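Enquirer: Next come the chains, spelled out residue by residue.
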Amino acid sequence: MSPLALFVSVGLLLTAGAEAAPLEGPFKPLPAVPMLNSKRVELGRQLFNDPRLSVNNSLSCASCHHLNLGGSDNKPLSSGFDGKPLQINTPSVFNASLNFRQFWDGRVATLEEQIHSVVQSPTEMGSDWSTVVQRIASDPAYRTAFADAYPDAVTEANIQNALADYERTLLSTNSRFDQYLAGNTEILTLEEKYGYQRFQEYGCIACHQGVNIGGNMFQKFGVFGDYFKTRGNPTEADQGRFNVTGEEEDRNVFKVPSLRNVAVTAPYFHDGSEQTLEGAVAVMFKYQLGRTPSKKDNELLVKFLKTLTGEWEGKPL
Amino acid sequence: MNVSRRTSLVMLAGVALVLASTLLFLYLSSRSEQTATYAESRNLIRQIMQQNAQWESEILKARVAISHNYDPLVSPLIEMTKLWRTFDSLESQNRLNQSSIWRDTLDAYLIAMKEKTRAVELFKSRNAVLRNSLAFLPTAEDDIQANLARMADADKLQVQNIVTDIYDLLLSSMEFTQVTSTDRAADILVGLNKLQVDKERLPPELHEPIDILSNHIALILREQPKVNSLLDEIDVIPIAERLDDITNMLNRDQQQAEAIDRKYHLFLLLFSALLVLILIWLAIHLIRSFAEINRMNQALVAANDELERRVEERTRQLKDTQGKLLDTARRAGMAEIATNVLHNVGNVLNSVNISADLVSRKLRNSKAQGLGKAMQLINQRQQDLGSFLTEDEKGKLLPGYLNQLVEAIDHEQQGMAEELTQLSKSVDHIKDIVATQQSYAGVNSLLEPLSISELLEDALRMNLGALTRHNVTVLKEYADVPLIMGDKHRLLLILINLISNAKYALSNVSNHERILTLGATIVDGQTLQISVRDEGEGISPQDMTRIFAHGFTTRKEGHGFGLHSCALAAIEMNGHLNAYSDGPGKGALFVLQIPLIAAEGEPCPSP
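Taken in sequence, the protein lines are chains A and B.
Here my numbering is used: the first residue of the first sequence is 31, the next is one more, and so on.
Here my numbering is used: the first residue of the second sequence is 32, the next is one more, and so on.
No wet-lab data here; the hints were simulated from the structure.
Computed from a prediction, not measured in an experiment: that's the story for all the values here.
One or more hints might be untrue.
[Claimed, not checked] Computed list of lysine-lysine pairs in DSS-like fashion (alpha-carbon distance at most 27 Å, straight line): (1) K325(A) x K223(A); (2) K427(B) x K404(B); (3) K316(A) x K230(B); (4) K259(A) x K257(B); (5) K113(B) x K69(A); (6) K316(A) x K257(B); (7) K225(B) x K257(B); (8) K92(B) x K250(A); (9) K58(A) x K92(B); (10) K462(B) x K519(B); (11) K259(A) x K114(A); (12) K462(B) x K250(A); (13) K325(A) x K336(A); (14) K325(A) x K230(B).
Only chain A is shown next, with the shape it has when bound in the complex (with noise of 0.2 Å):
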């Protein structure tokens, strides 16, 4: 090879790396950290491990959210305050800032809301924000860095605010598959490309797209055949969206979860009835999409699915 050739071929490969382009499609790569006020972030962080939001102490936002267990806990369901299980399975806290709507039936559009619902949820937290604010405000540590962040101290808004804003900066980045999406192809394996193919084929795409995959609709469970039937034991959680609305046609749907991290938060569903990732992947092939997959089809989703976990605080979730 003349030197002039490998000088030609060397420039093409760096003007290649260079643009390595996004991928168009229907996914889009996890936003970049926005950047906030960090003396709220890190207020945020301080209240989000403090369980003096729940009545009893016993309870604060990461006693269901773990860090380091996807942002969620490995439970179906989660206990209250008072010890008792809850109704519903706890979606994971990372990313929950780019759902269109918050909770699995989607009945508030803010983190903000979520945060004051959850507080005063007779079965999670139990507490009031009197309470909250007071407990809140007579710790001098608190006292002063609300004061410091916020022009008027410690007030229900503020700890919200502090909360959500620290929710905000709770994103998974850099899975794989947002690398992929950046444009590195090298980064998944051939049959996770082949999983991605039969992801968008099979057509769990129609639900599970956007900047989430998924987290951008609401859906029924159960579009093909009765899933609760099947199952047994229906309880009020499992009418969704229903609850909210009071519509007929609003039985049984729910938010459409994202699928980021999807491989570090089991068990699956709002029931947390299924434990592992190739069970969900099959009742979601039975119930939603109406199919009936191959092995060797649900192995490979399963093995794209795992390209989807991303880091916090640089290790893998």
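Using the hints provided, position chain B relative to the given structure of chain A.
Expert: Only chain B this time, still in chain A's reference frame:
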């Protein structure tokens, strides 16, 4: 006047204050921020409309399955919610949405928005599964075809029919998605039923793919009308209209606000004009005041000038008067001097008169007449003159007589010559007096060596006639006084006056001898003292104070100049003249003291 002016000023200030505060109020009320708020609100509504349009365009994209990403169907809603929150806070800040019509308009939008959000959510869910099933149909069909192809032992015609049925069903489903009608729905239902019948004729392994296909077509049949009706619903949800309503409300409000603003501006203009008028009025007032002050100033200056002029005039007049007074004084002085001169001349003229009288008397009684008689006798005897002289009795006496006559004439001549010398002296004195008075203004005094005793003798001589007439005995008490340097005429003037006065004082004395004592002595070796004492009528104490005053006299024919001029002359010689008397009838003493200046070559008198 003053009070009313103050009141009017206070009232004016009050009016100005009221106007100023009204202006401030109007200014604050008609802030341009309002317009900015309206513009901002309208802008927010416009942005919401844009997001709404984008939302709808994304809905259409999702409907025709261009995009599988539903994020663009979420973000406009989030944006609209955010924009609305901004708009709402802006509106509630400006409290423009307090009226019920506003509240209704805003609520109408919110209701429409809620409806649309719900419709879009439903659309998303249903469209997703619909598109998925539609997309899956060819695959599902392929699956069945593949299974059918694998059936080697099948009835070819039957399979062909089944395949045709599936194709027809597929076609009907595809057409149904394009033209959703009940006819086609019925066709699909017929097709589905056929497929169920066909399924029964096929082996069990083919049942599942056919069920799957049937399920998906059933889903399409179920969902497509719902999606269509949702789209229709979305289409008629009047978000844009509600936003237009809000814009119209904003416009209406703004027009109203602007109308009010215009009114405020009008008032602003009006009150400003009033304020300006007041200011102008004040300015005019001020200018007038200044003019008044100026005028007063000028008047003051004029008055001042006039005053100065008058002062000058008065000064000039005073000067004139002074000049006149000086003139008068001078004339009076000259008159005094003239009187003095005449007085002194008169005194001397007495002597002249006496001398002339004496000479004329001597001439009248002259023995020279005897010479004439003798000559008559001689002339009668001219022929026999010798004989006559020798023979005649009378003739013989004639030479003796002539001798006696010669002697007598000689004696007479000598007396007359003496008297004429005296006369000549007096005339000289008069001449001197006149000359002295002529040189009065010039040289103060002419000092010459004098002998005091001679001077006193001269003075006595000049008064000799009167003294003799009044039988005054003169006692002379002259000390040994050397020649002095002195003003002869002033001294003489004083002495003549004093002697004359003493003579007058003695003129009425009859009970004792009339004695006038003249003295000259040296006091302390520095002062020459000349005294004239008489034993005459004396001076009363009340007269003593004014004895030297001009015009003071005790005599009927007196002028009151004598002693006055004497005192002046004494002062002019750096000396003084004093009068002493023990009272009326006890005589008087006049003492003249002048500095003793010894004449050159004279020994200084020892004290």
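Enquirer: Do the alpha carbons of K325(A) and K223(A) lie within 27 Å of each other, as the hint requires?
Expert: With a Cα-Cα distance of about 17 Å, the restraint between K325(A) and K223(A) holds, given a limit of 27 Å.
Enquirer: Given the proposed pairing of K225(B) with K257(B), does the C-alpha separation stay at or below 27 Å?
Expert: holds, 25 Å
Enquirer: For the pair supplied as a hint, K316(A) and K230(B), confirm whether the alpha-carbon distance does not exceed 27 Å.
Expert: holds, 21 Å
Enquirer: Would you mind confirming whether the straight-line C-alpha gap from K316(A) to K257(B) stays at or under 27 Å?
Expert: Given that 27 Å is the threshold and the Cα spacing comes to 23 Å, the pair holds.
Enquirer: Would the hint linking K325(A) and K230(B) be met if the CA-CA limit is 27 Å?
Expert: The hint holds at about 25 Å.
Enquirer: CA of K325(A) to CA of K336(A), is that 27 Å or under?
Expert: Given that 27 Å is the threshold and the Cα spacing comes to 17 Å, the pair holds.
Enquirer: What's the verdict on K58(A) and K92(B), does the C-alpha distance respect the 27 Å limit or exceed it?
Expert: holds, 17 Å
Enquirer: Keeping to a limit of 27 Å between CA atoms, is the pair of K113(B) and K69(A) held or broken?
Expert: holds, 24 Å
Enquirer: Sort out whether K250(A) lies within 27 Å of K92(B), counting only the CA atoms.
Expert: Since the Cα atoms of K92(B) and K250(A) sit roughly 22 Å apart, the hinted pair holds (cutoff 27 Å).
Enquirer: Decide if the proposed pair is consistent with the structure: K259(A) and K114(A), CA atoms, cutoff 27 Å inclusive.
Expert: OK: K259(A) and K114(A) at ~25 Å, within 27 Å.
Enquirer: Hey, K462(B) versus K250(A), does the alpha-carbon distance stay inside 27 Å?
Expert: With Cα atoms ~169 Å apart, K462(B) and K250(A) exceed 27 Å; violated.
Enquirer: Need the status of pair K259(A), K257(B): alpha-carbon distance at most 27 Å?
Expert: holds, 25 Å
In summary, the structure is inconsistent with hint 12 from the numbered list given earlier, while agreeing with all the others.
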